[in-house]
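Chains B and Z supply the protein sequences, listed in that same order.
Counting the first sequence from 1 gives a position; this note's numbering is that position plus 2.
Counting the second sequence from 1 gives a position; this note's numbering is that position plus 2.
Just so you know, the hints here were simulated from the structure itself, not pulled from any lab data.
Predicted model only: the values in this text are computed from it and were never measured.
Hints should not be assumed to be uniformly reliable.
If several chains are the same, the list does not tell them apart, and a pair holds so long as it fits within one copy or across any two.
[Stated by the list, open to error] Straight-line alpha carbon distances no greater than 20 Å define the calculated DMTMM-like cross-link-like pairs of lysine to aspartate or glutamate that follow:
(1) Lys219 with Glu169
(2) Lys37 with Asp128
(3) Lys124 with Asp158
(4) Lys177 with Glu272
(5) Lys48 with Glu97
(6) Lys292 with Glu134
(7) Lys300 with Glu220
(8) Lys48 with Asp99
(9) Lys219 with Asp242
(10) Lys244 with Asp103
(11) Lys292 with Asp158
(12) Lys292 with Glu97
(13) Lys244 with Glu298
(14) Lys124 with Asp99
(15) Lys48 with Glu291
(16) Lys177 with Glu220
(17) Lys219 with Glu298
(18) Lys48 with Asp103
(19) Lys219 with Glu291
2 protein chains.
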Amino acid sequence: VVEDHATGFHAFSRLVENNQQFGDYHEAGLSTLLKWQRVCAPAFSKGLQSRGGIRLRPIFERALAMGDELHNRPHAATALLSIELTDRMLRAGVEPDRAADAQLFFSSNPFSALGVAMAASKLMADRIRGLEYSTVVSAMARNGTEFGIRVASLGDQWFTAPSPRVEGRYLPGFKAADAGLDMGDSVMTEAAGFGANLIAGAPGILRVVGGNSTQAKEWSGQMRAIAAGNSTHYSMPALDGKPAPLGIDIREVVATGFAPIIDTSIAHREPGYGIIGNGMVRAPMECFEKALQAFEAKYAA
Amino acid sequence: VVEDHATGFHAFSRLVENNQQFGDYHEAGLSTLLKWQRVCAPAFSKGLQSRGGIRLRPIFERALAMGDELHNRPHAATALLSIELTDRMLRAGVEPDRAADAQLFFSSNPFSALGVAMAASKLMADRIRGLEYSTVVSAMARNGTEFGIRVASLGDQWFTAPSPRVEGRYLPGFKAADAGLDMGDSVMTEAAGFGANLIAGAPGILRVVGGNSTQAKEWSGQMRAIAAGNSTHYSMPALDGKPAPLGIDIREVVATGFAPIIDTSIAHREPGYGIIGNGMVRAPMECFEKALQAFEAKYAA
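Looking at chain B on its own, in the form it has when it is part of the complex:
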């Protein structure tokens, strides 16, 4: 997964580099992608190709006991992955200065492991794609205009509604009027059982997204109420070792009235800016109602 992640960035940043006309893109964002291409991708690829992939499950298990929820707070997973990547780079003969540069770039951005957690979440959820009779959400995504979900038994059809507005805290110099609507694929972590599902065990994030520890327990409690099941691998030490929820059941969402909660970043409404804030948002209930109607229509026939 890490390798795919690095390769993905590599391909993307090559596209960017070949495009002389950067237009309205955010320069710091582009420079980050180029560093992924030039600094990290070759060094990580050599380490991973020579010494094999990294098992993410033990890293995620440890990270959840270290205050991560693996969406907006993947800090511990970033540190643990960094150590594994550096070990592989050094054993594979990556030149020490290059290994040190790649480690520094990866480890000093606490969100480095987010891309890995997103990819892992997508792979987990893809295992139920096409599963007949299942009412479990197999994908969630939003593009700043629409919020969409897919359901395991309903193929690749998206059930959409207008993208909601994130309630959150803004970085200095930005305000709610600058914000675009909810956007991005990181919500795959919530679909798999991470993110806001586990926010009660990630108190370090509350300073960033707003809310207090009592609210965090309520949010995690509501996510548990709409969960399809329990994880057999992941647990929450902050809730006395209770297993993490696994998957979202659209029947429970509609029955309880608890739309999934997402702790997320806020993008500017215009291109040319990075993240301008962080906050909490709920998936639109309309997506789940539409999906449940489609489920009933399919299996009533």
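Here the structure of chain B is known, so what remains is to put chain Z in place on it, guided by the hints.
Relative to chain B, chain Z alone:
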């Protein structure tokens, strides 16, 4: 501090190596010391001497938001320190295989940062040694026979009582009857404001020492009640960003009846074994009563 830590192990392990007669010592323990000497000490020393020391405060700040209490759970600090040490080793020209071996040895033992936290705690507490009129504890230690405390205004005098028995959970094959009495210098972390002071923010430790999240909040609450003040650097995200307590005031201990709580490891009563369990213990109230009497005697005169 890291350098002193490595150097200390270096000196100790040299003594061990020159002693052909190991007697009843624990072989795995000796082999660990020799690895510190042969693998870590030269590589870390080269990195630190060439590139300078590591500022611990930012690492500890981050670690406390990652579920560490820096005594029995220094896992995040170990990962963060490991990344810093590896960066220095690589920039200083330590041979890649040796740097990888040192990183592996350091990072794969989650308690590697405990020695660093102990040394940092001792340095913090040493700043109040000899401070006239202060009733704040300047040192705590136990040797398996006696538990002792020092108080800032009362010089280097130890106020002692018999070492208590730790209530805890045992590793497979061991039971309470095998346990020695409370032992070790790691209780310096509690004296400085870490350890059981912060256990409400380190839920991952409860599986190891026993107890649940409600008890952990009670323990941290009692430690706060006997604290001399608030840390201006460290805070507890699990308690909505409340500052960490700083120091223990013997007057508050005697007035509240809350003897300091320690989350600690349990040693075997006989030499030749490693850690056989973990648990919670309270410092003997007698130490604090004796110290307060000595304080009154000194300043009444």
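Going through the hints against the structure:
1. Lys219 with Glu169: Result: close within a single copy only, 18 Å intra versus 30 Å inter.
2. Lys37 with Asp128: For Lys37 and Asp128, neither the intra-copy (30 Å) nor the inter-copy (45 Å) Cα distance is at most 20 Å.
3. Lys124 with Asp158: within (14 Å within a copy, 60 Å between copies)
4. Lys177 with Glu272: within (13 Å within a copy, 64 Å between copies)
5. Lys48 with Glu97: Classified as both: same-chain Cα gap 11 Å, cross-chain 18 Å, threshold 20 Å.
6. Lys292 with Glu134: Classified as within; 18 Å inside a copy, 73 Å across copies.
7. Lys300 with Glu220: neither (34 Å within a copy, 53 Å between copies)
8. Lys48 with Asp99: both (14 Å within a copy, 16 Å between copies)
9. Lys219 with Asp242: So Lys219 and Asp242 pass the 20 Å test inside a copy (13 Å) and across (12 Å) alike.
10. Lys244 with Asp103: This pair counts as neither: shortest intra-copy Cα distance 39 Å, inter-copy 36 Å.
11. Lys292 with Asp158: Within. Shortest intra-copy distance 14 Å satisfies the 20 Å Cα cut-off; inter-copy 74 Å does not.
12. Lys292 with Glu97: neither (55 Å within a copy, 60 Å between copies)
13. Lys244 with Glu298: neither (33 Å within a copy, 50 Å between copies)
14. Lys124 with Asp99: Cα proximity of Lys124 and Asp99: none, with 34 Å in one copy and 35 Å across.
15. Lys48 with Glu291: neither (47 Å within a copy, 63 Å between copies)
16. Lys177 with Glu220: neither (27 Å within a copy, 39 Å between copies)
17. Lys219 with Glu298: neither (33 Å within a copy, 47 Å between copies)
18. Lys48 with Asp103: both (14 Å within a copy, 19 Å between copies)
19. Lys219 with Glu291: neither (26 Å within a copy, 41 Å between copies)
Checked against the numbered hints listed earlier, the structure breaks hints 2, 7, 10, 12, 13, 14, 15, 16, 17, 19; every other hint is satisfied.
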